[in-house]
Amino acid sequence: MTKNSDINYIKKSLELAKLGLFTSDPNPRVGSLVVKENKIIGEGYHKRSGSPHAEIMALEQAREGATGATLYVTLEPCCFKGKTNPCTKAIIQSGITKVVCSTEDPNPKVSGKGIKELRQAGIRVELGILANKSKELNNGFFKRMLSDMPFVRSKLAISLDGKTALNNGISQWISGNSSRLDVHRWRARSSAIMTGSSTIFADNPSLNARLEDSVEINQPIRVILDSEVSISDSAKCLSIPGDIIIFTNKKELKNISKKIRNRAQIEIVNGNHHCEINEVLNRLSELEVNEILVEAGSKLNGSLLELGLIDELIVYISPKIIGSIGVNMFALPEIHDLSDRYNFSFTEIKNFDDDICLTLRREKDV
Numbered sequence: 001m002t003k004n005s006d007i008n009y010i011k012k013s014l015e016l017a018k019l020g021l022f023t024s025d026p027n028p029r030v031g032s033l034v035v036k037e038n039k040i041i042g043e044g045y046h047k048r049s050g051s052p053h054a055e056i057m058a059l060e061q062a063r064e065g066a067t068g069a070t071l072y073v074t075l076e077p078c079c080f081k082g083k084t085n086p087c088t089k090a091i092i093q094s095g096i097t098k099v100v101c102s103t104e105d106p107n108p109k110v111s112g113k114g115i116k117e118l119r120q121a122g123i124r125v126e127l128g129i130l131a132n133k134s135k136e137l138n139n140g141f142f143k144r145m146l147s148d149m150p151f152v153r154s155k156l157a158i159s160l161d162g163k164t165a166l167n168n169g170i171s172q173w174i175s176g177n178s179s180r181l182d183v184h185r186w187r188a189r190s191s192a193i194m195t196g197s198s199t200i201f202a203d204n205p206s207l208n209a210r211l212e213d214s215v216e217i218n219q220p221i222r223v224i225l226d227s228e229v230s231i232s233d234s235a236k237c238l239s240i241p242g243d244i245i246i247f248t249n250k251k252e253l254k255n256i257s258k259k260i261r262n263r264a265q266i267e268i269v270n271g272n273h274h275c276e277i278n279e280v281l282n283r284l285s286e287l288e289v290n291e292i293l294v295e296a297g298s299k300l301n302g303s304l305l306e307l308g309l310i311d312e313l314i315v316y317i318s319p320k321i322i323g324s325i326g327v328n329m330f331a332l333p334e335i336h337d338l339s340d341r342y343n344f345s346f347t348e349i350k351n352f353d354d355d356i357c358l359t360l361r362r363e364k365d366v
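The sequence shown maps to residues 1 to 366 in the numbering used here.
Where hints are given, some of them may not hold.
Derived CB-CB ranges, DEER-like [said to hold, decoys possible]: (1) E216 <-> I356: 26 to 34 angstroms; (2) I240 <-> N38: 47 to 55 angstroms; (3) K83 <-> D337: 48 to 56 angstroms; (4) E15 <-> P333: 41 to 49 angstroms.
Using 16 angstroms as the maximum straight-line C-alpha spacing, the simulated EDC-like pairs for lysine to aspartate or glutamate come out as follows [claimed, not checked]: (5) K36 <-> E60; (6) K364 <-> E312; (7) K364 <-> E279; (8) K254 <-> E279; (9) K18 <-> D148; (10) K250 <-> E288; (11) K258 <-> E288; (12) K143 <-> E276; (13) K133 <-> D148; (14) K250 <-> E228; (15) K143 <-> E312; (16) K299 <-> D353; (17) K135 <-> E117; (18) K299 <-> E267; (19) K3 <-> E104; (20) K135 <-> E334; (21) K12 <-> E43; (22) K259 <-> D233; (23) K135 <-> E104; (24) K320 <-> E288; (25) K320 <-> E348; (26) K11 <-> E43; (27) K98 <-> E228; (28) K116 <-> E104; (29) K113 <-> E126; (30) K47 <-> E216; (31) K109 <-> E136; (32) K133 <-> E306; (33) K3 <-> E43; (34) K250 <-> E276; (35) K364 <-> E288; (36) K36 <-> D6; (37) K143 <-> E288; (38) K250 <-> E267; (39) K18 <-> E288; (40) K133 <-> E348.
Keep in mind that the hints were calculated from the coordinates and are not lab data. Even for Gly, the Cβ is constructed at its ideal location relative to N, Cα and C.
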């Protein structure tokens with residue numbers, strides 16, 4: 001039977017895991033505690049790839065006190081040597097007698113093997129406390145490991161009548177300052193920001209995350225779908241430090257400018273007039289991209305939606321009316337039966353000054 005104290009310690013471990021929200025990528029966000037006689041004697045979280053895992057930080061704090069103690073962790077301890085040594089080995093050597101773990105690690109290199117190794121060493125392992133919370137915190141990592149696809153989150157800022165821009169393309173700014181700051185938090189937690197060449201031409205966005213100087217972040221990769229590699233050398237996103245990937249279906253690359261060649265990684269994918277999006281996402285998964293934030297126009301958003309590739313929508317609604325001659329959220333073919341509709345469920349509603357932010361998750365089996 002699960003004790004309330006176990007739930008509370010896992011909750012605390014999840015809060016620790018969130019400290020790596022902007023930095024742990026491409027690794028999962030993990031938090032851990034060492035508890036002995038109802039006292040926390042060690043705690044840790046995974047900060048970034050190559051740094052000590054959460055369990056190791058907690059054990060190092062606990063030192064000799066770990067003998068006979070319980071270790072709480074939000075994800076199954078790893079059991080293979082990567083950039084760091086296996087956590088299972090350190091846990092066994094520490095004298096820990098019980099491990100409480102939220103959920104198995106979906107990485108095929110682990111996937112229950114870590115738990116099995118701990119049990120074979122005589123350590124009691126309990127699994128499943130707040131598993132959904134741990135999975136939600138790492139939805140991109142779980143999706144990539146289980147399906148070889150990143151988690152796709154599309155951000156839209158719209159007027160009260162559902163328009164993303166005027167008919168002439170002008171959209172700055174529909175949403176308010178507080179909403180735009182929240183967008184930068186979503187950017188900061190994302191592995192990549194994806195857009196199309198038309199958005200680069202229309203808005204000339206920087207596509208980077210800008211938070212307070214005291215907040216440490218990994219800048220997301222800037223991903224541009226540009227079938228003709230037609231963006232300008234003077235595009236803002238090219239002048240800012242950080243990784244850039246341009247996807248194209250252009251097989252002949254001789255006419256690409258020297259600046260773009262030097263500044264961006266060019267990836268060639270299939271497609272006739274446009275890049276084949278499933279192939280783009282598969283390739284990004286191979287590059288260890290967990291979460292993608294899509295900031296694009298109606299055509300790319302429509303294509304993603306039609307192909308069933310949007311997992312989550314973040315929609316900022318401003319109390320402004322643009323009128324019927326504006327740009328819709330999604331460019332989609334007409335449907336003739338409601339059974340062909342695209343179904344989402346509301347998961348969260350927030351206020352940002354005058355704006356409302358809706359978070360919606362795709363319903364896959366309606």
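Q. Among the hints numbered above, which are violated by the structure, and what are their numbers in rising order?
A. When the structure is compared with the hints, numbers 7, 8, 9, 10, 11, 12, 13, 16, 17, 18, 19, 20, 24, 25, 27, 31, 32, 33, 35, 39 turn out to be violated.
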